[in-house]
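**Student:** Hey, can you work out the whole structure from these sequences and the hints?
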Amino acid sequence: MSHEVPPVVRLGHDLVRNFEPLGPEKAAYEIATHIRKFWEARMRADLAARVRSGDPTLHPLLVRAAQDLVDDDYDRAEVSESSGG
Amino acid sequence: MTLLDQPALETPDHGTPPVLGEATAQVTVDGIGVLVPPGTSVMRAAKLAGVDIPKLCATDSLKAFGSCRLCLVEVEGIKGTPASCTTPCVDGMVVSTRTDQVAQLRRGVMELYLSDHPVDCPGCARGNCEMQELAHEVGVAEVRYGLGGASHLSEPVDESNPYFAYDPKACIVCSRCVRACSDIQQTFALTVEGRGFDARITPGGTDFLSSECVSCGACVQACPTDALTEKSVVSLGMPSRSVITTCAYCGVGCSFKAEVQGTGDGTRVVRMVPWKDGGANEGHSCVKGRFAYGYASHRDRQMEPMVRDSIDDEWRVVSWDEAIARVASGFLELRERYGAGAIGGISSSRCTNEEVYVVQKMVRAAFGNNNIDTCARVCHSPTGYGLNHAFGTSAGTQDFPSVDSADVMLVIGANPTDAHPVFASRMKRRMRAGAQVIVADPRRIDLVRSPHVEAALHLPVRPGTNVAFVNAMCHVIAVEGLYDEVFLRERCDDVDGYLEFIARPEHSPEATEGETGIPASDLRTAARLYAAGPNSAIYYGLGVTEHSQGSTMVMGMANLAMLTGNLGREGVGVNPLRGQNNVQGSCDMGSFPHELPGYRHVSRPEVREIYESLWGVTIQAEPGLRIPNMFDSALGGSFKGLYVQGEDIAQSDPNTQHVEAALRAMELVVVHDLFLNETARFAHVFLPGASFLEKDGTFTNAERRINRVRPVMPSRVGKDEWQVVCEIATAMGYPMSYAAPSEIMDEIAATTPTFAGVSFARLDAEGSMQWPVTDAAPHGTPTMHVGSFVRGKGQLTPTVYVPTTERANRRYPLVLTTGRILSQYNVGAQTRRTPNDTWHPEDVLEIHPSDAELRGISSGDVVELSSRVGRTELTAVVSERMPAGVVYTTFHHPVTGANVVTTENSDWATNCPEYKVTAVQVMVTTEAARAASLESVEASVGGKRGERVPDDVMATATEAMARRR
Numbered sequence: 028m029s030h031e032v033p034p035v036v037r038l039g040h041d042l043v044r045n046f047e048p049l050g051p052e053k054a055a056y057e058i059a060t061h062i063r064k065f066w067e068a069r070m071r072a073d074l075a076a077r078v079r080s081g082d083p084t085l086h087p088l089l090v091r092a093a094q095d096l097v098d099d100d101y102d103r104a105e106v107s108e109s110s111g112g
Numbered sequence: 004m005t006l007l008d009q010p011a012l013e014t015p016d017h018g019t020p021p022v023l024g025e026a027t028a029q030v031t032v033d034g035i036g037v038l039v040p041p042g043t044s045v046m047r048a049a050k051l052a053g054v055d056i057p058k059l060c061a062t063d064s065l066k067a068f069g070s071c072r073l074c075l076v077e078v079e080g081i082k083g084t085p086a087s088c089t090t091p092c093v094d095g096m097v098v099s100t101r102t103d104q105v106a107q108l109r110r111g112v113m114e115l116y117l118s119d120h121p122v123d124c125p126g127c128a129r130g131n132c133e134m135q136e137l138a139h140e141v142g143v144a145e146v147r148y149g150l151g152g153a154s155h156l157s158e159p160v161d162e163s164n165p166y167f168a169y170d171p172k173a174c175i176v177c178s179r180c181v182r183a184c185s186d187i188q189q190t191f192a193l194t195v196e197g198r199g200f201d202a203r204i205t206p207g208g209t210d211f212l213s214s215e216c217v218s219c220g221a222c223v224q225a226c227p228t229d230a231l232t233e234k235s236v237v238s239l240g241m242p243s244r245s246v247i248t249t250c251a252y253c254g255v256g257c258s259f260k261a262e263v264q265g266t267g268d269g270t271r272v273v274r275m276v277p278w279k280d281g282g283a284n285e286g287h288s289c290v291k292g293r294f295a296y297g298y299a300s301h302r303d304r305q306m307e308p309m310v311r312d313s314i315d316d317e318w319r320v321v322s323w324d325e326a327i328a329r330v331a332s333g334f335l336e337l338r339e340r341y342g343a344g345a346i347g348g349i350s351s352s353r354c355t356n357e358e359v360y361v362v363q364k365m366v367r368a369a370f371g372n373n374n375i376d377t378c379a380r381v382c383h384s385p386t387g388y389g390l391n392h393a394f395g396t397s398a399g400t401q402d403f404p405s406v407d408s409a410d411v412m413l414v415i416g417a418n419p420t421d422a423h424p425v426f427a428s429r430m431k432r433r434m435r436a437g438a439q440v441i442v443a444d445p446r447r448i449d450l451v452r453s454p455h456v457e458a459a460l461h462l463p464v465r466p467g468t469n470v471a472f473v474n475a476m477c478h479v480i481a482v483e484g485l486y487d488e489v490f491l492r493e494r495c496d497d498v499d500g501y502l503e504f505i506a507r508p509e510h511s512p513e514a515t516e517g518e519t520g521i522p523a524s525d526l527r528t529a530a531r532l533y534a535a536g537p538n539s540a541i542y543y544g545l546g547v548t549e550h551s552q553g554s555t556m557v558m559g560m561a562n563l564a565m566l567t568g569n570l571g572r573e574g575v576g577v578n579p580l581r582g583q584n585n586v587q588g589s590c591d592m593g594s595f596p597h598e599l600p601g602y603r604h605v606s607r608p609e610v611r612e613i614y615e616s617l618w619g620v621t622i623q624a625e626p627g628l629r630i631p632n633m634f635d636s637a638l639g640g641s642f643k644g645l646y647v648q649g650e651d652i653a654q655s656d657p658n659t660q661h662v663e664a665a666l667r668a669m670e671l672v673v674v675h676d677l678f679l680n681e682t683a684r685f686a687h688v689f690l691p692g693a694s695f696l697e698k699d700g701t702f703t704n705a706e707r708r709i710n711r712v713r714p715v716m717p718s719r720v721g722k723d724e725w726q727v728v729c730e731i732a733t734a735m736g737y738p739m740s741y742a743a744p745s746e747i748m749d750e751i752a753a754t755t756p757t758f759a760g761v762s763f764a765r766l767d768a769e770g771s772m773q774w775p776v777t778d779a780a781p782h783g784t785p786t787m788h789v790g791s792f793v794r795g796k797g798q799l800t801p802t803v804y805v806p807t808t809e810r811a812n813r814r815y816p817l818v819l820t821t822g823r824i825l826s827q828y829n830v831g832a833q834t835r836r837t838p839n840d841t842w843h844p845e846d847v848l849e850i851h852p853s854d855a856e857l858r859g860i861s862s863g864d865v866v867e868l869s870s871r872v873g874r875t876e877l878t879a880v881v882s883e884r885m886p887a888g889v890v891y892t893t894f895h896h897p898v899t900g901a902n903v904v905t906t907e908n909s910d911w912a913t914n915c916p917e918y919k920v921t922a923v924q925v926m927v928t929t930e931a932a933r934a935a936s937l938e939s940v941e942a943s944v945g946g947k948r949g950e951r952v953p954d955d956v957m958a959t960a961t962e963a964m965a966r967r968r
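Those protein sequences? They're chains A and B, same order as listed. Residue numbers for the first sequence follow my numbering, so the first one is 28 and each next one is one higher. Residue numbers for the second sequence follow my numbering, so the first one is 4 and each next one is one higher.
To be clear, the hints were calculated from the coordinates, so they are not data collected in a lab. If you're wondering where the values come from, they're calculated on a predicted model, not measured in any experiment. Keep in mind that the hints are not guaranteed to be accurate.
Said to hold, decoys possible - Distance condition first, Cα-Cα at most 27 Å in a straight line; then the derived BS3-like pairs of lysine-lysine:
1. A:K64 x B:K796
2. B:K234 x B:K279
3. A:K64 x A:K53
4. B:K82 x B:K66
5. A:K53 x B:K796
6. B:K66 x B:K279
**Tutor:** See below:
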């Protein structure tokens with residue numbers, strides 16, 4: 028049941044479902060940008076740790092987005108833009 | 004005009020409403036010249052000239068009726084003595100209001116009225132009846148027809164309504180109340196029954212409480228006598244002074260004249276009278292704003308700070324100094340032990356802009372992090388996100404009067420007659436004037452059909468499928484070529500890409516009707532109607548935002564408006580109906596963990612520099628935790644301390660068990676509130692808050708209107724909330740102080756571009772202003788995005804429909820959606836402590852007849868409502884308003900705790916909870932229906948009678964029965 032899923036995994040997979048239609052490259056880039064813009068540092072660290080440990084429940088797109096974050100491959104201009112939510 | 008603490012109670016009544024237009028008609032009244040727009044009534048022109056004409060059936064909130072015959076005048080060139088209220092001015096008109104003939108006629112009319120008015124009228128005695136004063140004014144010395152009002156003396160007083168009484172003896176059947184109910188409130192609950200001396204006002208042949216009356220109070224306000232009078236006036240007597248302030252309930256933000264007795268700590272509110280110069284409400288109100296203020300003096304209100312070492316201990320009353328020291332030392336200790344990220348704060352949309360601003364300042368400057376969030380997280384955060392993405396501004400596009408120019412209204416995920424009743428009256432008035440309405444809502448809400456109004460279409464969109472619905476609307480408009488090509492090309496980005504996306508066959512009404520439940524033909528009709536306009540406006544509520552695709556849906560509606568060019572002028576737009584009074588303001592004030600005031604991301608060094616230089620601290624460049632992230636982090640062990648201002652997260656936030664576990668995991672929970680609410684059960688420090696009657700500041704409503712909140716009385720707990728927050732920050736080592744809330748607004752204005760021209764002095768002078776208030780728009784901005792969008796070009800976004808993961812299944816075959824009812828407000832902390840409980844003493848579960856029959860449920864049965872995260876019990880109401888497969892409840896009462904069953908699912912972008920979609924099962928729990936229910940369970944999971952039902956389903960049912968027994 029989804030409420031037993033670790034929060035960052037659940038939230039990350041919500042992003043995956045939303046951005047997946049953009050195709051893998053664009054989707055990973057957008058997910059990474061969103062996470063960089065809105066996620067507090069310890070949440071990003073939690074996700075990174077799960078990727079490092081090879082968590083098999085992680086969607087490949089989320090793994091790729093986490094790697095984009097490590098590589099600083101995200102939209103810096105978008106991160107600094109206002110979002111209002 | 005200074006509106007501060009007006010000693011005068013009387014607001015000038017011009018007798019008839021104003022007429023718009025240029026003042027080109029020169030009229031002379033009793034020798035005094037006055038220039039008015041042609042068509043203005045003679046009565047109004049006279050008042051403007053300083054001449055009072057006696058009247059009984061006229062008041063300037065209602066169209067002229069011309070029945071009382073007291074306002075007769077003579078007009079040169081016109082035969083007879085026309086009624087001044089119904090006689091329009093024309094240029095050159097010469098009016099005499101005090102001739103002998105007129106005086107004689109008025110005396111005769113007044114004698115007739117007095118002959119049917121009680122000699123011992125208590126209203127006349129207390130000064131709440133215009134008869135005595137008018138009799139004196141028109142010179143009645145005797146009544147030739149006798150006195151005493153004998154024809155109604157035996158009539159009983161209708162005391163059924165908890166807030167006002169109707170005494171037929173004092174009634175003069177002027178019909179003001181009937182017209183107020185029909186023309187202002189638009190409810191049509193009142194009528195005149197009988198003729199001549201037998202005539203009397205009646206709420207449909209029953210008493211007021213049992214009638215269709217919604218207790219808005221418009222009739223009471225309109226009554227010129229004591230016939231309809233507030234019970235508070237009867238018990239307390241007439242008020243002696245008034246203060247103009249702003250309602251603390253919904254996002255309409257009505258202005259009120261608080262009429263009070265006494266001063267200082269001895270101040271008592273006698274009544275709240277909606278202020279007719281209020282920009283949002285123009286003299287109207289609802290049952291909450293006008294009457295439900297008694298919570299402020301309720302015995303449950305906590306007046307002293309309290310502390311305890313453990314949440315299992317008893318509370319101990321302490322001084323303010325001790326409480327503040329405890330809070331400060333507690334947060335400092337947690338920060339020292341666990342790091343700066345271990346503490347945070349939540350601000351409230353029920354607090355003023357100034358209070359909210361200082362809370363985020365405390366968190367950023369004294370706590371040293373960005374762990375600040377606000378209760379908008381759980382309601383309209385997707386509005387901020389979606390509208391900012393599309394238009395560049397996190398706010399609605401119009402003012403409320405804009406609806407008066409709308410030809411078509413798409414009302415989606417909102418129930419204005421219950422949740423935003425004053426604006427709903429305005430919508431209904433526009434519907435009666437011919438505007439077409441499309442209601443997209445699972446339930447058949449009152450706007451679908453109620454007296455004298457009927458929506459053109461009701462589209463019962465299945466919960467969770469809004470994006471598929473709006474995409475289908477856009478698809479029809481795109482494919483049928485109904486879009487505004489010029490608007491798109493001139494004002495929008497990514498036009499071709501969007502048109503290609505939305506024209507795909509998967510978005511067609513035929514392809515989506517299986518998902519949305521909306522017949523394709525109905526959807527095509529709705530799309531064509533919206534596209535035809537010419538002025539089409541979208542009004543929406545939490546039925547849009549509180550979904551897993553809440554932000555996507557907001558963008559989808561923005562697409563729809565841009566596609567048809569319905570932006571940037573009156574009568575159109577995308578308009579969120581905000582839930583709480585200051586949702587807009589609390590968002591504006593930097594309450595989000597990733598944005599500083601004015602929606603500027605914390606990563607921007609030039610923005611941080613503004614605050615760092617002013618505040619003398621370093622602002623963290625990293626986003627902080629959102630409310631649900633705080634809960635998750637608490638359960639994960641890294642978040643230890645929380646300050647909560649005016650929000651009851653243990654009742655209002657989803658998945659109550661999860662929230663409570665998180666609160667239990669924290670070492671310091673500080674609740675700053677009026678009452679020991681559900682969250683306070685987990686608190687270590689309780690700080691008593693101030694009610695809206697005691698606050699000095701501003702609220703910003705759903706139309707970006709900044710209204711003044713003025714203190715009607717001093718804080719009853721000894722300190723203002725902003726002071727308490729400043730003292731906590733100071734005790735933590737970050738000195739923070741202001742001489743008055745106006746200084747806080749000055750700081751907001753100095754640092755936030757959209758508030759640049761705002762100050763208390765300017766608000767007092769102008770009444771209210773809608774942000775942005777800048778050099779370019781010094782009086783504010785009623786309509787946004789005129790000519791161009793704030794972001795330059797509007798952003799069209801391919802809004803891919805992604806179904807929610809919360810789907811009905813065999814175990815939980817129904818979908819629960821939640822909402823509000825007229826008489827209660829949110830978690831009910833305020834309204835449950837008023838006589839509003841008369842109308843809604845408990846939350847109930849509305850269920851469609853077929854779903855009820857399947858389960859053996861009748862109205863009045865206690866049922867168990869269960870989801871994958873929890874279960875609760877409610878009383879069932881079988882209702883044709885519900886579509887089959889969907890059940891509905893409210894979350895006003897903690898005893899039922901509707902959020903026990905809602906899940907942690909949330910909007911992908913903002914984490915706004917998915918309150919509107921929870922897969923549930925409903926089982927009757929009354930003993931008598933047990934057997935029938937168990938049989939129905941078999942049927943509902945697809946089994947045939949006598950066949951085995953899955954163990955888990957049967958266990959759920961059996962357990963429920965056992966618990967009830």
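**Student:** Do the alpha carbons of K234 of chain B and K279 of chain B lie within 27 Å of each other, as the hint requires?
**Tutor:** Roughly 22 Å separates the two Cα atoms, so the pair holds.
**Student:** Does K796 of chain B lie within 27 Å of K64 of chain A when you go C-alpha to C-alpha?
**Tutor:** 23 Å, holds
**Student:** Need the status of pair K82 of chain B, K66 of chain B: alpha-carbon distance at most 27 Å?
**Tutor:** Holds - the C-alpha atoms of K66 of chain B and K82 of chain B are around 24 Å apart, at most 27 Å.
**Student:** For the pair we were handed, K64 of chain A and K53 of chain A, check the Cα-Cα distance against 27 Å.
**Tutor:** 16 Å, holds
**Student:** Do the alpha carbons of K66 of chain B and K279 of chain B lie within 27 Å of each other, as the hint requires?
**Tutor:** Answer holds: K66 of chain B to K279 of chain B is near 15 Å, not above 27 Å.
**Student:** Quickly compare the C-alpha distance for K53 of chain A and K796 of chain B to 27 Å and report which way the hint goes.
**Tutor:** 23 Å, holds
Every hint from the earlier list agrees with this structure, and none is contradicted.
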